[in-house]
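Chemist: For reference, the chains in residue letters:
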Amino acid sequence: MTDAVLEVDALNIRYGPVHAVRGVSLSVSEGGVTALLGANGAGKTSIVMAVAGARKIASGAIRIFGQETTGRAPEDIVRAGVAISAEGRRIFASLSVEENLKVAGAVVPDASVEVERRVALMERFPILGQRRRQLAGLLSGGEQQMLAVARALMSAPRLLLLDEPSLGLAPQMVDRIFDIIEELRSEGISILLVEQNATLALQVADRAVVLANGAVAASGDAQTIAGDAVLREAYLAA
Amino acid sequence: MDFVIQQLINAVSLGGVYAMLALGLAIVFSIVRLINFAHGEIMTFGGYGIFLALVFGIPPLGALSIGVGAAVVMALAMERAAFRAMRGADVVALLITSFAVSEILKVLFQNMISPRPVPISLPAAWSSSYRIGDVVIGVGPTISIVVALTALVGLSLFLRRATTGMAMRAAAEDFEMLRLLGVRASRVVATAFAISGLLAGMAALVWTAQRGSVDPMMGFFPVLKAFIATVLGGLGSLGGAVLGGFVVGAIEVMTQAFLPDALSPYRDAIVLACVIATLLVRPNGLLPARSGARS
Chain A
1 MTDAVLEVDA LNIRYGPVHA VRGVSLSVSE GGVTALLGAN GAGKTSIVMA
51 VAGARKIASG AIRIFGQETT GRAPEDIVRA GVAISAEGRR IFASLSVEEN
101 LKVAGAVVPD ASVEVERRVA LMERFPILGQ RRRQLAGLLS GGEQQMLAVA
151 RALMSAPRLL LLDEPSLGLA PQMVDRIFDI IEELRSEGIS ILLVEQNATL
201 ALQVADRAVV LANGAVAASG DAQTIAGDAV LREAYLAA
Chain B
239 MDFVIQQLIN AVSLGGVYAM LALGLAIVFS IVRLINFAHG EIMTFGGYGI
289 FLALVFGIPP LGALSIGVGA AVVMALAMER AAFRAMRGAD VVALLITSFA
339 VSEILKVLFQ NMISPRPVPI SLPAAWSSSY RIGDVVIGVG PTISIVVALT
389 ALVGLSLFLR RATTGMAMRA AAEDFEMLRL LGVRASRVVA TAFAISGLLA
439 GMAALVWTAQ RGSVDPMMGF FPVLKAFIAT VLGGLGSLGG AVLGGFVVGA
489 IEVMTQAFLP DALSPYRDAI VLACVIATLL VRPNGLLPAR SGARS
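Protein sequences, first through last, are from chains A and B. Numbering follows my numbering, in which position 187 of the first sequence is assigned residue number 187; successive positions increment by one, without gaps. If you want my numbering, it's the position in the second sequence, counting the first as 1, plus 238.
Be aware that a few hints might be false.
Straight-line C-alpha distance at most 20 angstroms; calculated SDA-like pairs for lysine to any residue [to be verified]: (1) A:Lys56 to B:Lys344; (2) A:Lys56 to A:Gly41; (3) A:Lys56 to B:Ala423; (4) A:Lys56 to A:Glu68; (5) A:Lys56 to B:Phe413; (6) A:Lys56 to A:Asn213; (7) A:Lys56 to B:Ala323; (8) A:Lys56 to B:Asp328; (9) A:Lys56 to B:Arg322; (10) A:Lys56 to A:Gly31; (11) A:Lys56 to B:Ala327; (12) B:Lys344 to B:Pro361; (13) A:Lys56 to B:Arg325; (14) A:Lys56 to B:Leu510; (15) A:Lys56 to B:Arg422.
Okay, the calculated beta carbon distance ranges per label pair [stated by the list, open to error]: (16) A:Pro109 to B:Glu341: 39 to 47 angstroms; (17) A:Leu135 to B:Asp328: 39 to 47 angstroms; (18) B:Val330 to A:His19: 25 to 33 angstroms.
The hints are simulated quantities; they were obtained by calculation from the structure and are not laboratory data. Glycine is no exception: its CB is placed at the ideal position from the N, C-alpha and C atoms.
All chains should be built: construct the whole structure from the sequences, respecting the hints.
Modeler: As structure tokens, then:
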């Protein structure tokens with residue numbers, strides 16, 4: 001796998017006595033989408049946060065664009081071209097929609113590029129443009145998710161980490177979010193997608209990793225995983 | 239009537255000082271979860287800055303700016319030397335660190351400058367007064383009110399309009415997420431300390447201008463009141479800190495002015511009783527912080 005933009009190698013994460021992630025390896029290929037699946041508490045978010053630099057790892061290695069990033073601060077990982085839409089969206093509720101984007105735009109060195117990008121994102125997600133002065137906390141769940149994605153795109157990432165983007169959204173909104181994921185992929189952004197909605201995730205992904213109790217239960221081609229009835233029954237409940 | 243207006247001016251003047259100090263405490267707490275017990279020494283250091291500048295013959299306005307600058311430098315130095323290494327430590331560890339910093343600085347002030355008050359001689363005009371109708375108003379309280387309102391309005395504009403100000407508000411809500419967006423943590427924290435130092439320096443300015451001396455405990459007592467103000471307003475809430483500051487200032491001045499002499503030894507007890515009564519009704523303070531659940 002020489003074309004991998006993200007390689008996670010034998011990753012272990014512990015929270016005190018809890019061994020949350022056990023020897024997980026996975027990769028995202030250039031322009032590809034890897035789905036990270038599994039039940040609640042399987043360790044998916046821990047892995048994503050470790051890639052983003054926000055969790056201490058016990059052992060293992062993380063390479064982004066071929067460079068070892070283990071132990072680097074989240075700020076530096078963003079500058080290496082990785083952005084995250086975190087679990088629970090974590091938009092800044094007391095800031096307006098536009099202020100959320102402006103804060104994320106602080107990483108853009110050129111001020112005029114920052115403005116261009118912000119304007120382009122508010123055109124791309126018209127609802128954000130219409131509500132730019134509204135407090136982000138007053139948006140609906142789906143709108144907040146769009147804001148979380150738009151905010152991540154402010155740094156023009158080459159690798160996007162999407163943690164549970166469809167969780168708790170109305171079916172229509174879920175479709176819209178998956179359309180956006182397709183769009184981003186077609187623009188050449190590589191994606192690590194954490195999802196509880198395995199059926200939809202496996203449709204957009206080219207590779208998939210299934211976690212159970214912090215360890216890899218299965219991994220491989222997304223279609224193969226999707227076709228494995230035993231696996232679906234056991235881990236994906238879909 | 240004149241008496242009431244004069245007391246009102248005193249209340250706003252004292253409340254403004256408490257509000258600036260409380261806001262400095264709140265802005266640091268909202269971002270770093272540090273209750274900075276050494277905040278008073280930042281203010282005291284600002285006072286000594288003014289004193290030393292005057293000793294070296296710098297004119298009053300210059301000396302006052304040097305004092306404010308000294309407080310900012312002290313706040314930043316404190317963050318760098320004592321608190322940066324402790325980042326992410328729990329609230330108690332941070333609190334005890336700040337106690338240590340506070341004690342060390344107080345001893346240094348005592349041994350290197352003087353345990354007794356040193357005089358600050360500012361132009362006599364600053365301690366005079368003027369009349370509007372029948373009301374006599376002190377120049378000191380006037381300066382105090384103008385400085386406090388300028389600082390509060392300026393900071394509010396900064397938090398609302400400047401991108402760094404927005405990042406400060408975002409950091410108070412979810413600091414980890416802010417870092418995940420690439421905003422440098424050390425810059426946000428340093429800005430928070432610089433602002434708290436700036437506010438403490440301005441508090442030192444109006445405090446010394448009205449009292450005409452500096453001693454090692456100068457900052458300790460007003461900051462104690464500011465702590466009460468932050469708790470009353472809602473710990474970590476910036477608007478709450480300002481409101482709390484003015485409320486504590488008002489209660490203090492009003493009890494002083496209108497309480498019979500026999501009750502005056504109980505003034506602080508009465509102020510604190512009011513605070514406790516408020517917290518019984520509103521346990522999270524007058525204007526609770528919006529977030530803070532996430533660390």
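Chemist: Given the hint that Lys56 of chain A pairs with Ala423 of chain B, does the C-alpha gap stay at or below 20 angstroms?
Modeler: holds, 17 angstroms
Chemist: Please work out if Lys56 of chain A and Lys344 of chain B have their alpha carbons no farther apart than 20 angstroms.
Modeler: Not OK: Lys56 of chain A and Lys344 of chain B at ~38 angstroms, beyond 20 angstroms, violated.
Chemist: May I ask you to test the hint 39 to 47 angstroms on the CB atoms belonging to Leu135 of chain A and Asp328 of chain B?
Modeler: violated, 31 angstroms
Chemist: Holds or violated: Lys56 of chain A with Leu510 of chain B, Cα cutoff 20 angstroms?
Modeler: Violated, at about 44 angstroms.
Chemist: Does the Cβ pair Pro109 of chain A, Glu341 of chain B satisfy 39 to 47 angstroms?
Modeler: Since Pro109 of chain A and Glu341 of chain B have Cβ atoms about 43 angstroms apart, the given range 39 to 47 angstroms holds.
Chemist: Regarding the pair Lys56 of chain A and Asn213 of chain A, is the alpha-carbon distance no greater than 20 angstroms?
Modeler: holds, 19 angstroms
Chemist: For the pair we were handed, Lys56 of chain A and Asp328 of chain B, check the Cα-Cα distance against 20 angstroms.
Modeler: holds, 17 angstroms
Chemist: Decide if the proposed pair is consistent with the structure: Lys56 of chain A and Ala327 of chain B, CA atoms, cutoff 20 angstroms inclusive.
Modeler: With Cα atoms ~15 angstroms apart, Lys56 of chain A and Ala327 of chain B stay inside 20 angstroms; holds.
Chemist: What's the verdict on Lys56 of chain A and Arg325 of chain B, does the C-alpha distance respect the 20 angstroms limit or exceed it?
Modeler: holds, 15 angstroms
Chemist: Does the structure keep Lys56 of chain A and Gly31 of chain A at a Cα separation of 20 angstroms or less?
Modeler: violated, 27 angstroms
Chemist: When you check the alpha-carbon spacing of Lys56 of chain A and Ala323 of chain B, does it fall within 20 angstroms?
Modeler: holds, 17 angstroms
Chemist: Take the C-alpha atoms of Lys56 of chain A and Gly41 of chain A, compute the straight-line distance between them, and say whether it is at most 20 angstroms.
Modeler: holds, 17 angstroms
Hints 1, 10, 12, 14, 17, counting from the list given before, are not met by this structure.
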